[in-house]
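K.L.:
This is what each chain is made of:
2 protein chains.
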Amino acid sequence: MLAAIEAGGTKFVCAVGDETGRIVDRIKIPTTIPEETMTEVIKFFKKYTVKSIGIGSFGPIDINEDSPAYGHITSTPKLAWKDYPIVETMKKAFGVPVGFNTDVNAAALGEATFGAAKGLDSCLYITVGTGIGAGAIVQGQLLQGLSHPEMGHILVRRHPNDSYEGNCPYHGDCLEGMAAGPAIENRWGLKGAELSEREEVWDLEGYYLAQAIMQYSLILSPKKIILGGGVSNQKQVFEAIHKYLPEFIQNYISLPELSSYIVKPGLGDDSGISGALMLASRALENN
Amino acid sequence: MLAAIEAGGTKFVCAVGDETGRIVDRIKIPTTIPEETMTEVIKFFKKYTVKSIGIGSFGPIDINEDSPAYGHITSTPKLAWKDYPIVETMKKAFGVPVGFNTDVNAAALGEATFGAAKGLDSCLYITVGTGIGAGAIVQGQLLQGLSHPEMGHILVRRHPNDSYEGNCPYHGDCLEGMAAGPAIENRWGLKGAELSEREEVWDLEGYYLAQAIMQYSLILSPKKIILGGGVSNQKQVFEAIHKYLPEFIQNYISLPELSSYIVKPGLGDDSGISGALMLASRALENN
Chain A
1 MLAAIEAGGT
11 KFVCAVGDET
21 GRIVDRIKIP
31 TTIPEETMTE
41 VIKFFKKYTV
51 KSIGIGSFGP
61 IDINEDSPAY
71 GHITSTPKLA
81 WKDYPIVETM
91 KKAFGVPVGF
101 NTDVNAAALG
111 EATFGAAKGL
121 DSCLYITVGT
131 GIGAGAIVQG
141 QLLQGLSHPE
151 MGHILVRRHP
161 NDSYEGNCPY
171 HGDCLEGMAA
181 GPAIENRWGL
191 KGAELSEREE
201 VWDLEGYYLA
211 QAIMQYSLIL
221 SPKKIILGGG
231 VSNQKQVFEA
241 IHKYLPEFIQ
251 NYISLPELSS
261 YIVKPGLGDD
271 SGISGALMLA
281 SRALENN
Chain B
1 MLAAIEAGGT
11 KFVCAVGDET
21 GRIVDRIKIP
31 TTIPEETMTE
41 VIKFFKKYTV
51 KSIGIGSFGP
61 IDINEDSPAY
71 GHITSTPKLA
81 WKDYPIVETM
91 KKAFGVPVGF
101 NTDVNAAALG
111 EATFGAAKGL
121 DSCLYITVGT
131 GIGAGAIVQG
141 QLLQGLSHPE
151 MGHILVRRHP
161 NDSYEGNCPY
171 HGDCLEGMAA
181 GPAIENRWGL
191 KGAELSEREE
201 VWDLEGYYLA
211 QAIMQYSLIL
221 SPKKIILGGG
231 VSNQKQVFEA
241 IHKYLPEFIQ
251 NYISLPELSS
261 YIVKPGLGDD
271 SGISGALMLA
281 SRALENN
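Chains A and B, in that order, give the protein sequences. First residue of the first sequence: 1, per full-length UniProt numbering; consecutive thereafter. First residue of the second sequence: 1, per full-length UniProt numbering; consecutive thereafter.
Treat the hints as calculated values from the structure; they're not laboratory data. The structure displayed is predicted, hence computed values, not measured ones. The reader is advised that the hints may include incorrect statements.
Repeated chains share a single entry, so a pair holds when one copy, or any two copies, can fit it.
Stated by the list, open to error - Pairs of lysine to any residue, SDA-like flavour, derived with a Cα cap of 20 Å:
| # | residue 1 | residue 2 |
| --- | --- | --- |
| 1 | Lys78 | Asn251 |
| 2 | Lys82 | Tyr252 |
| 3 | Lys118 | Glu65 |
With the hints as constraints, model all of the structure from the sequences given.
P.N.:
Set out below in C-alpha cells:
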C-alpha cells in the first residue's frame with residue numbers, strides 16, 4: 001500500500017491506496033499538536049503494510065534535501081508545528097521512503113496525474129481560501145528550486161476603485177492581502193459565502209486573480225490552470241477572470257479558450273490527497 | 001562536432017564544439033533575410049561533421065513538438081522571418097537531431113551547465129537590453145509548457161515619482177515598457193550608455209527590476225539569478241536591486257546573500273551560444 005498525507009492547518013487527511021490513484025481507506029484527523037495528531041496518523045497507517053509515504057503539507061516547509069532542516073515544517077504561525085520534523089517522524093515509524101512537498105504542489109501533481117490536467121506534463125494549481133497558494137508541474141517535475149514557490153504573495157496593481165488597504169502582515173496589498181478569503185471578509189464586512197449574490201465582490205476578486213494568472217502564465221506558461229479553494233465555488237469568479245485576463249494580456253500571448261483553460265479541480269476535494277499518493281509512488285521509484 | 005546557433009535579431013552566432021562546452025570554431029553572420037543568413041549558416045557548418053544542432057532563437061517561437069508550426073519563428077516583427085521554419089531548414093541540410101528553444105532558455109542552460117549557476121539544477125537568466133526576456137532551468141529541465149515564458153511583459157507597479165507612460169505596444173507600462181533600453185532612452189532622452197553617471201536612472205531601473213525579481217522568485221524560486229544584457233553593465237543597477245528587493249519582499253522568503261545570488265553571467269557574452277551547444281547535446285541524447 002502507498003500512504004498519503006494531506007497535512008493541513010485544520011485537519012490531516014490520511015489515505016492508503018495505489019499508484020493508479022485508487023484510495024482504499026481514508027481518515028480525517030484534526031490538526032492539534034504534533035504529539036496528538038501524529039500519534040493518530042501513525043495509528044491509522046499501522047493497520048496497513050506501507051511501502052512508501054507521500055506528504056503534501058501546509059507550510060512553509062523545507063524541501064531542500066541538502067538542508068539540515070529538510071522535511072521540517074518551518075516558520076509556521078501554528079507554533080506547535082514550528083520546526084516540526086514530519087518526514088523524520090514518519091521515517092522512524094515506518095522505515096520506508098517518504099516524499100515531501102507542499103500541499104499545492106501535491107495538488108498540482110494530483111490534477112496532472114488523475115484530474116483536470118490528466119496526461120499533461122504541465123499545470124498550475126491555485127487555491128484561494130484562507131490564504132492563496134499555488135503549485136505547479138513543469139515538464140513533469142514538481143516546481144521547486146531554492147525552496148518551494150510562494151506564489152500567493154506576488155504584487156498586484158490595485159483596482160482604481162478599491163480602497164481596501166490589504167491585510168497581508170508582510171506586504172499589505174499583495175495578492176493574498178487583497179484577494180484571499182479574510183481580505184474579502186474585511187473589505188465587504190461579510191464572509192465570502194454570505195456575499196455570493198454580490199456581483200461586485202466577485203468581479204473585483206476576478207480582477208486580482210486575472211492579474212495573478214497573467215503573471216503566472218507569462219512566467220510559467222502552464223498547459224492548464226486549475227483554480228481550487230473556497231473562492232472557486234463562486235462561478236462568477238471564473239466569469240470575471242475570463243473578462244479581465246484578455247484585457248491585461250492584450251493578445252500578447254495566445255491562450256486556449258479560457259473556459260477550458262482555467263478550470264475547477266477535476267478531483268474535487270481530492271487533488272491534494274491524490275497528489276500525496278503520487279508523491280509516495282515517486283518516492284518509491286526514486287529509492 | 002556539436003553545432004550551436006544563437007539566432008538573434010541583429011546577428012546569428014554559430015559555433016561548433018563539444019558537450020564540455022569547448023568551442024573550436026565560431027562565426028557571426030548578420031541577420032538579414034533567411035535566404036541569405038541561413039545560406040551562410042549552413043555553409044559554416046558544412047565544414048564540419050555535425051552530429052546534432054542546438055538553436056537558441058529570438059522569438060516568439062513555437063517549441064511545442066505537437067504543433068504543426070513546431071520549429072518556426074512565429075509572429076516576430078522582423079517580417080522576413082515571420083513563420084520561418086528554422087528547425088526544418090537545418091534538419092533538411094544536415095539530417096541530424098535539432099534542439100530548439102528560446103535564446104534566454106538557452107542562456108539559462110549555458111549558465112547552469114558552465115557558468116554562474118554551474119552545478120545547480122535551477123537558475124533564472126534575465127536579459128535587459130532592447131527588450132526584456134528571461135529563461136529558466138527548473139529541476140534540470142528547460143522551463144516551458146504551453147509555450148515558452150514571456151517574462152519580460154509582467155506587470156509592475158509604477159514608481160510614485162515616475163511619470164513615463166511606458167512604451168510596450170501591447171501593455172504600455174509592463175516591465176519591458178518601463179525598464180528595457182528603449183524605455184530608458186525615451187524617459188531620459190539619452191541612450192543608457194550616455195546615462196552611466198546618472199544615479200537616478202539606475203536607481204529607478206533597479207526599482208522595476210527588483211519588483212520583477214520578487215515576482216520571479218515567488219513563482220519559480222530559482223537557486224541563482226543571472227542578470228545579463230546591456231543594462232547589467234551598469235553596476236549601480238545591482239546596487240539598486242539589492243536595496244529595493246528586501247523592501248518588496250519584507251523577509252517573507254529567505255534569500256541567499258544578494259551579491260552572490262543575483263550575479264552577472266559567468267560566461268560573459270557566451271551564455272547563449274554555450275547553452276545552444278547543450279541543446280545540441282541534449283538533442284543527441286534524446287534521439
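K.L.:
Of all the hints numbered above, which does this structure not satisfy? Sort the numbers upward.
P.N.:
Hints that this structure does not satisfy do not exist here, as all of them hold.
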